[in-house]
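S.K.: Bring the two chains, given one by one in their own frames, into a single complex with the hints.
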Amino acid sequence: MTESTRLRSRHLINNIMLGTTGVFTVFIASVLLFILGYLFFNGARNLSFSFFTELPKSTGETGGGMANAIVGSAKILGMATLIGVPVGFLGGVYLAEYGNKSFAFIVRYVTDLLNGVPSIVIGIFAYTLIVMKVKHFSALAGGMALGLMMIPIAVRSTEEFLRAVPNGLREGALALGTPKWRALATVVIPAAKDGIITGIMLNLARVAGETAPLLFTALNNRYWSPGINQPTSTLPVMIYTYALSPYDDWHQQAWAAGFVLLMLILAINVTARMILNRSRFSGGR
Amino acid sequence: MNSSETVALQSEARVPRGVKARSGARAFALRFFSGDEIARLLVTVSAACILLVTALLVYELWINSHLSREKFGWHFLGTQIWDPNAGQFGALAFMFGTCVTSLLALVIAVPLGVGSAIFLSELAPPKLSNALTFCIELLAAVPSVIYGLLGVFVMMPLIKSYLHPGLKAALGWTPLFGGPFYGPSMLAAGIVLAVMILPFIVSVSRQVLLAVPNDQREGALALGATKWESTWKVVVPYAKRGIYGSVFLALARALGETMAVTMVVGNTPQIKASLFAPGYSIAAVIANEFTEATYDLYVHALIELGLVLFALTIIINGLARILVSSTSKFSVNA
Numbered sequence: 001m002t003e004s005t006r007l008r009s010r011h012l013i014n015n016i017m018l019g020t021t022g023v024f025t026v027f028i029a030s031v032l033l034f035i036l037g038y039l040f041f042n043g044a045r046n047l048s049f050s051f052f053t054e055l056p057k058s059t060g061e062t063g064g065g066m067a068n069a070i071v072g073s074a075k076i077l078g079m080a081t082l083i084g085v086p087v088g089f090l091g092g093v094y095l096a097e098y099g100n101k102s103f104a105f106i107v108r109y110v111t112d113l114l115n116g117v118p119s120i121v122i123g124i125f126a127y128t129l130i131v132m133k134v135k136h137f138s139a140l141a142g143g144m145a146l147g148l149m150m151i152p153i154a155v156r157s158t159e160e161f162l163r164a165v166p167n168g169l170r171e172g173a174l175a176l177g178t179p180k181w182r183a184l185a186t187v188v189i190p191a192a193k194d195g196i197i198t199g200i201m202l203n204l205a206r207v208a209g210e211t212a213p214l215l216f217t218a219l220n221n222r223y224w225s226p227g228i229n230q231p232t233s234t235l236p237v238m239i240y241t242y243a244l245s246p247y248d249d250w251h252q253q254a255w256a257a258g259f260v261l262l263m264l265i266l267a268i269n270v271t272a273r274m275i276l277n278r279s280r281f282s283g284g285r
Numbered sequence: 001m002n003s004s005e006t007v008a009l010q011s012e013a014r015v016p017r018g019v020k021a022r023s024g025a026r027a028f029a030l031r032f033f034s035g036d037e038i039a040r041l042l043v044t045v046s047a048a049c050i051l052l053v054t055a056l057l058v059y060e061l062w063i064n065s066h067l068s069r070e071k072f073g074w075h076f077l078g079t080q081i082w083d084p085n086a087g088q089f090g091a092l093a094f095m096f097g098t099c100v101t102s103l104l105a106l107v108i109a110v111p112l113g114v115g116s117a118i119f120l121s122e123l124a125p126p127k128l129s130n131a132l133t134f135c136i137e138l139l140a141a142v143p144s145v146i147y148g149l150l151g152v153f154v155m156m157p158l159i160k161s162y163l164h165p166g167l168k169a170a171l172g173w174t175p176l177f178g179g180p181f182y183g184p185s186m187l188a189a190g191i192v193l194a195v196m197i198l199p200f201i202v203s204v205s206r207q208v209l210l211a212v213p214n215d216q217r218e219g220a221l222a223l224g225a226t227k228w229e230s231t232w233k234v235v236v237p238y239a240k241r242g243i244y245g246s247v248f249l250a251l252a253r254a255l256g257e258t259m260a261v262t263m264v265v266g267n268t269p270q271i272k273a274s275l276f277a278p279g280y281s282i283a284a285v286i287a288n289e290f291t292e293a294t295y296d297l298y299v300h301a302l303i304e305l306g307l308v309l310f311a312l313t314i315i316i317n318g319l320a321r322i323l324v325s326s327t328s329k330f331s332v333n334a
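Respectively, the protein sequence lines represent chains C and R. Residue 169 in my numbering is what sits at position 169 of the first sequence, and the numbering runs on without skipping anything. Residue 246 in my numbering is what sits at position 246 of the second sequence, and the numbering runs on without skipping anything.
Same shape as in the complex, but just chain R (with noise of 0.2 Å):
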């Protein structure tokens, strides 16, 4: 191959790259039928299709909500008040049970979790810590109509057979487990909520812990540290802030989760500091008296609390990513 070949070849090559190489009407002309500006705008609209989508999104919800809030203003989200045949709305007491669920699914997972994120990562054999994770993925694939069913026919008689009378004997003379217990609960969302943000944060922090270089362990474990003092403090601590992103990313699905709390929580919007007592949560109103709103007020109430909801988990999610990307360079994929 002679060397004005290989120039030709070069420029060849260069040619659907080389954009601005080449200029004018007749050269755009070439490469649009040459298919090239067609692929490209192509997949640049359905890229701005998804930010049209997403803008949409909360314009609707914005949209939507109009006259609930200009009626209660922020009022709504500070008064307790839900009664849609007298037309007064107010979010607290969903917002107050949407937190109070989360956050003891949080109590109750973030130990599990993390404590079989540290087997996992530190201590199985890689095999049989493959396996194991293949298992605890499976869970997360489990629809949550099918939690919300396991919750209601096996969870809260377990829970009032055993869990309850326990927790009454021991801690009865707390606020916390006063009170009778009939079952549907917001202690038994809390702990379908906990099951199902399990396999997150167990896969998310084992990611983190494998992230973390051997280095860190060799050095703990040569200055005479125990195979569990190297991994609590040494190992832990250096993914410190990608657990607390696994957490986030954890809260941020409770939140939002809808159909299993519907099904166990109790439907009763109050204010209780009872865990064996019933409350509500925002996806749970949202789920169960969409299609019964009967005016608009009543509509657009309904809406706002699924915009406090949108704001709620994009905040929380936000958060998430930020702390994750700081560590690893992981993709996070729930």
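Chain C with its partners taken away, still in its complex shape (with noise of 0.2 Å):
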């Protein structure tokens, strides 16, 4: 009798455990789907034609857009990109193809180290490293901070999708003759070429949303900004100046802002997971 209310009691746990970790994970996904709707409610309500063409108009006034912010964006990351990715990839190749042990195993380390480093800090490296020497904010600066953080990621998804290309390749050129140099920029390279293009957009997309290092580096402008010399208004900075104003019409851009970003990353990082599975079952790894 004892024996089988035991059972019982133990079915019953397991039965309720489990369950429960089944509704914590609907409960966390749907955390997206609230994220996901409640900005297309909010943000596509208040998008117009407007957001996408105007200047921001000044404090009273309604209406007007952020299309310098838009540009500002595009602007910054471009640099972050040709500062980044370089250094990041050329880095992730010698650590899969030409790394001997010492050297290797610390820039394996320092890298991801590099990675842990919080955002405001990286902010702060590039405020000293740029904007205390010239004395004034700059798309160039915030170009920079997002560059710097945009290498470890770079580093580490090179080496690994050169990491899986299979050595038979590697040895079928050398065996050709081919230098080591042509065999990699010809075969194995172009062989992991979709895997690290997807890490780049990843990576691009992660650096897309980043505020925290521009709040000092490009600052912000309410007008556009030519060249890279001079503060720069990006669209993550403006949702963060937007949101805690006290006016409400810059409360609806700022929601509008943040739907047109979102989408914009999310757009990237499903695209980047689907070149990803496609080359997977084609074998193209």
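These aren't lab readings, by the way, just hints derived from the structure by calculation. Be a bit skeptical, because a hint or two may be false.
Taking beta-carbon pairs under 7 Å as the criterion, some of the chain C residues facing chain R (in silico) [as the list claims (entries may be wrong)]:
| id | residue |
| --- | --- |
| 1 | F105 |
| 2 | V107 |
| 3 | L114 |
| 4 | A272 |
Even glycine gets a Cβ: it sits at the ideal position worked out from N, Cα and C.
M.R.: Below, the structure written as structure tokens:
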């Protein structure tokens, strides 16, 4: 009798606990749906054509857009890519193809360390490196900060995908008498191309939403900022500024900007993962 | 193909690797002009660049905080006063806020995250598990400023009208949940942080759990354990170190998180027992005051705060990586 009640209680606990883990999972996944739904509802409603084409209106006036912030974000992300991706990619090639034991270990370790540095600290670094020296805020400093953040992930994703290329390909190319660099450039790297491009896309999506390192490097700007040497406004910083302002109209613009930014980032994420899955199934890795 | 041809081919193939086989200036020049040495130089310099940049980062933080380090010494970490007008700077209130909000986030996120990692690795059919994991990992892609936006306009009103009265009625007698609630508070920051670090806990814990050999599960089930008993008493302990690693990784994220916390924490440098009270965090004060810092000592004090934050996250990250890599061979992309 006691045996059977004990068994029953064990089964009850089993069901309760397993059910709870299921509920937790559904809860977390539904947070994403909630965020998407809420931003869609609030953002799309406040989105208008002028959001993409006009400059921000001055305080108190309604309407206006964030055209300068969109261009500013694109400009800073472009600079970040130019700074971060070449160094990260070549560093990844070094780790996967050339690295000797001790130096490669140090590089790998320091890369992980750099990856763990909080983005606001990276912002301080870019500030001391550029803003302090030239005495004014600039898009270049912002691009530098984001570029630094891109390096560690570019290194590790490049290394990972190069390592997944079968050794037979390398040996085959070398056996034909090709120098190592040509074997890498024409056989090994093209074989890992899909993965490496995906890694760069995900990397870009990650820094596209970064706000903290831009606060005191690129700062903000109500107007267009030609060139790379002036304070520049970006979407994330605009969202931050507008969300904390006391004006309802600005809040609505913040929602619209948040919606645009999130859709952009999620679209990159989903596309990148789809490319990766496709190449995985076709044996492209 | 005769044998002499084969030998010739083999020795050709060895040329790029057999650097030491041929020596002398002429051989070096040959390799250099064939591009191999240039390529090696290029990638090695890039790798060295990463070391250099990181070293430069530490150096700049150290040099540009010297005024504050020299003036306050270790007292910087032990005093609570932060008064830019009087030139007095102490980090204690910010360190307190950073630690409290991060720990609160862990208290909320660890049970939820580990629970759902168990569901995803042990119970859910692979297709469902992959789809849900995809959703949860997308949460990590949402920028922190958007979490802040939702925190300010959605979550704070929700806490105010539902969570706060409930907590106050049930636990209001403890100092942790005493006092009035206006909205911006350490509680709000902790909850936003919890949502932000959940994806890391779930995705790393799930990987670690999936790496537990099936013999372990089968052994426990064969002894008559229920599914839950086999999971909780055998599989989870087996993956324990990896799960701790995921928690430390999440903690490092939470400590350095800036925007979402800045927007909901209330930005008041004080040390209060109540979670309903507004607070401040290291990252938030840097974000708020850096452009307003009008004199050198002020800037240096803020940069020293950055140095403190840097040191904290490096230590926690290091611990996390040791724990995760000792249980599994996964690369940690967080």
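S.K.: Please flag the earlier hints that this structure goes against, numbers listed from lowest up.
M.R.: Those not satisfied are hints 1, 4.
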